[in-house]
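Asker: Got chain U sorted already, so can you dock chain A onto it with the hints?
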Amino acid sequence: MAEDRASSERRGFGERARDIFAHGWSRHYIQVFLYLLALTILTVLASYLPIGVAGHVFIALLIAAIKAGLVAAIFMHLLHEKVVIHRFMAFTVLFFLALVFLSVLALKNTVVGAQ
Amino acid sequence: MEIPYTVHERPDTGLWNAKVGVWLFLASEVMLFGGLFSAYIFLRIGADYWPHHALNVPLGLTNTIVLITSSITMVLAWVSVKMRDFGQFRFWMSATLGCGCLFVVIKSIEYRDKFSHYGVVFRDEAAFRKYEPELSALGANIKTNTEGHGARLDRTPHFEIAGHLASGVTADAIELAPDRHEGGAKGGAHGGALRVALADVARWGVFAPRYSTYYAIYFTLTGLHALHVLGGMVVLFYFLVTGAKMFAADPEHLANRVEVGGLFWHFVDLVWIFLFPVLYLL
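Those protein sequence lines, which keep their order, are chains U and A. The numbering used here numbers the first residue of the first sequence as 117 and each following residue consecutively. The numbering used here numbers the first residue of the second sequence as 336 and each following residue consecutively.
So here's chain A without its partners, still in its complex pose:
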């Protein structure tokens, strides 16, 4: 038995069935991400401190451009099938998959950087002041909300440094080679190391989800989004390798399949359009 209304419109909806189906699915996806965006707002309103430009903005910007590019190549792949040009379809679909791979690679570079970088939050201002001369001698990039961030929502003063573990952690101290001012968000080269007594530290660790509520929601949102990118790629790859047979039998059926796959792909791009400013810029 054939699946009905894959090409022709159903009289009551005026649409072929897969399109109705994918839009209903996207509606449920909006609610899934909506719940997490709602959680983000809730966590941010209640947070004592929220980092600003904590992630690597150039990498995030690159990934945004990669996803937007993959959206236009996706549209052109669909246009190619509509125009009955299978060679062009293969080219644009491969380009879309290439962009998807590039996005995942860049994202995993960002993740790896976070998992190998350490942060130290000082207990209070007095604890921080003890290390201030040594930190400025090292040219350390100090993240604080006491100056220049007057209009932010933070309630408590915050003093934080990041860097690589120099020799390790003992029972009473952590030795860190701090990130410096120059070199942007990644910190560039590290200079000498600094020994911070754990008695002066509120918390320390790699930038994993447990480090702060910010990193918890960052990994939840971007991790779920990355899973969507991977899922989309599986579907598009399937169309790429099995498309020839369907193109020969019924090209309009393939065009509709590509359109539905494309709708999901554009939705994933659309989610990133919100994730990028919310996590990287605000």
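So that you can see chain U by itself, here it is in the shape it has in the complex:
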């Protein structure tokens, strides 16, 4: 166990991290946190605008997508992640969209004579 600790410290994780975070990474995270708060307030305010349901859906999903992107890219480090993870997530996004699209197809499949 002592050897393990020595080996990971030797590889400079502790030291390197101190350098990285001392140079503003923590400040960077807090900046993202403030963006997320601002976008949250914005999405609530937008939901009271008299713009109709299509406008509401568009604005709410746009803001949610930006917020989700910030969380994934910065908090979850997806921006600096290895290509294996990017491949996993590319497939996941593809299947997710297919799943959502299946329901949207219901719009095109109305029962004749029902409405």
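Each hint should be verified, as a subset may be incorrect.
Stated by the list, open to error - Quick look at which bits of chain A chain U covers, simulated, 3 or more residues with Cβ under 8 Å:
id	segment
1	345–359
2	362–371
3	376–382
4	386–396
5	399–408
6	602–613
What the hints assert, rightly or not - Now the in silico label distances, taken between C-beta atoms and shown as ranges:
id	chain 1	residue 1	chain 2	residue 2	range
7	A	G356	U	A154	44 to 50 Å
8	U	H144	A	K580	28 to 34 Å
9	U	L195	A	K580	18 to 24 Å
10	A	R345	U	P166	52 to 58 Å
11	A	L500	U	F207	48 to 54 Å
12	A	F421	U	N225	54 to 60 Å
13	U	I167	A	T341	48 to 54 Å
14	U	I167	A	G349	44 to 50 Å
15	U	Q147	A	R464	52 to 58 Å
16	A	E469	U	Q147	53 to 59 Å
17	U	H144	A	A543	42 to 48 Å
FYI, nobody ran anything at the bench for these hints, they're computed from the structure. The beta carbon of each residue, even a glycine, is placed where N, CA and C say it ideally should be.
Answerer: Only chain A this time, still in chain U's reference frame:
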């Protein structure tokens, strides 16, 4: 035998194993919630009526801010281990767990409110008009889609009131103290009671899943999400109480564990980022 590649990278993936594992798990979680979001779209497209701002928006907003705050404290807990400061790690991890507890408490307050509140949907416009003078005298908050919601997708006119049961329900009538305009979504104080004949009522009941498709999908999505919050808290609490031993033996191993736990925690936050507008605002 030791578990391989907990700290060092595996040559073929370029990653330590737990990270590959947690991302694969998160991919399956995306599909789990994806299926339910798909169900939401399907139900909403087919619904005759879909409520707007039916939930308590200030409470939902508070919970959103609580979860976003817990995400930043989670990142800072990981940064603390990376910087080899165990005291700081304990502080930020406790803060994250505190936010998790606060989220669950606020959510259960919202649930309790729904389970003790009654809604009444009138059979049709003629039935509603009979009670209109009495309702406006009481200052009741009437939910309808006939005015001001012209651009919504609803197909049929809808007239609904909510409130507390005044004396109860008899075989032919329900007595309700309706929520009033002022006081926002919760309705604030109740005034006098109103007697509605069940012959004029399409359906009535507490806002439980069976009340409408909206509440069915609301409880399914938020209930599953709340279970994820609780599950995440169990894991993070485990790291908090057993972390000292691992920190002393191999701090980088603890950092990686916290990072993986954090990835799950951020994912739970990410799901809520979509749930909040979809259920509270649209």
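Asker: Does each hint hold? Answer for all of them.
Answerer: A quick look at each hint next to the structure:
1. Check result for the segment 345–359 of chain A against chain U: holds, 7 residues qualifying (beta carbon to beta carbon below 8 Å, three or more required).
2. For the segment 362–371 of chain A, the stated coverage by chain U holds: 5 residues have a C-beta nearer than 8 Å to a C-beta of that chain, and at least 3 were required.
3. Residue count for the segment 376–382 of chain A with a Cβ under 8 Å from a Cβ of chain U: 4. That meets the three needed, and the coverage hint holds.
4. With 3 residues having a beta carbon nearer than 8 Å to a beta carbon of chain U, the segment 386–396 of chain A meets the requirement of three or more and the stated coverage holds.
5. Here the segment 399–408 of chain A counts 6 residues with a CB under 8 Å from a CB of chain U, which clears the bar of 3, and the coverage holds.
6. Counting residues of the segment 602–613 of chain A whose C-beta lies closer than 8 Å to any C-beta of chain U gives 8; at least three are required, and the coverage claim holds.
7. Range check, G356/A to A154/U: about 34 Å between beta-carbon atoms, so the 44 to 50 Å window is missed.
8. Here the CB-CB span from H144/U to K580/A is close to 31 Å, well matched to the stated 28 to 34 Å.
9. For L195/U paired with K580/A, a C-beta distance near 33 Å fails the hint of 18 to 24 Å.
10. Evaluation of the 52 to 58 Å hint for R345/A and P166/U yields a pass: the beta carbon distance comes to about 56 Å.
11. Judged by the Cβ atoms, the range 48 to 54 Å given for L500/A and F207/U holds: they are separated by roughly 51 Å.
12. Range check, F421/A to N225/U: about 58 Å between beta-carbon atoms, so the 54 to 60 Å window is met.
13. For I167/U paired with T341/A, a C-beta distance near 51 Å keeps the hint of 48 to 54 Å intact.
14. Separation of I167/U from G349/A is about 47 Å and conforms to the stated range, judged on CB atoms against 44 to 50 Å.
15. Checking the proposed 52 to 58 Å range against Q147/U and R464/A shows it holds: the Cβ atoms sit about 55 Å from each other.
16. Take E469/A and Q147/U: their Cβ atoms lie about 55 Å apart, and the range 53 to 59 Å holds.
17. Checked against the given bound of 42 to 48 Å, the beta carbons of H144/U and A543/A, roughly 45 Å apart, stay inside it.
Going through the hint list in order, the structure does not satisfy hints 7 and 9.
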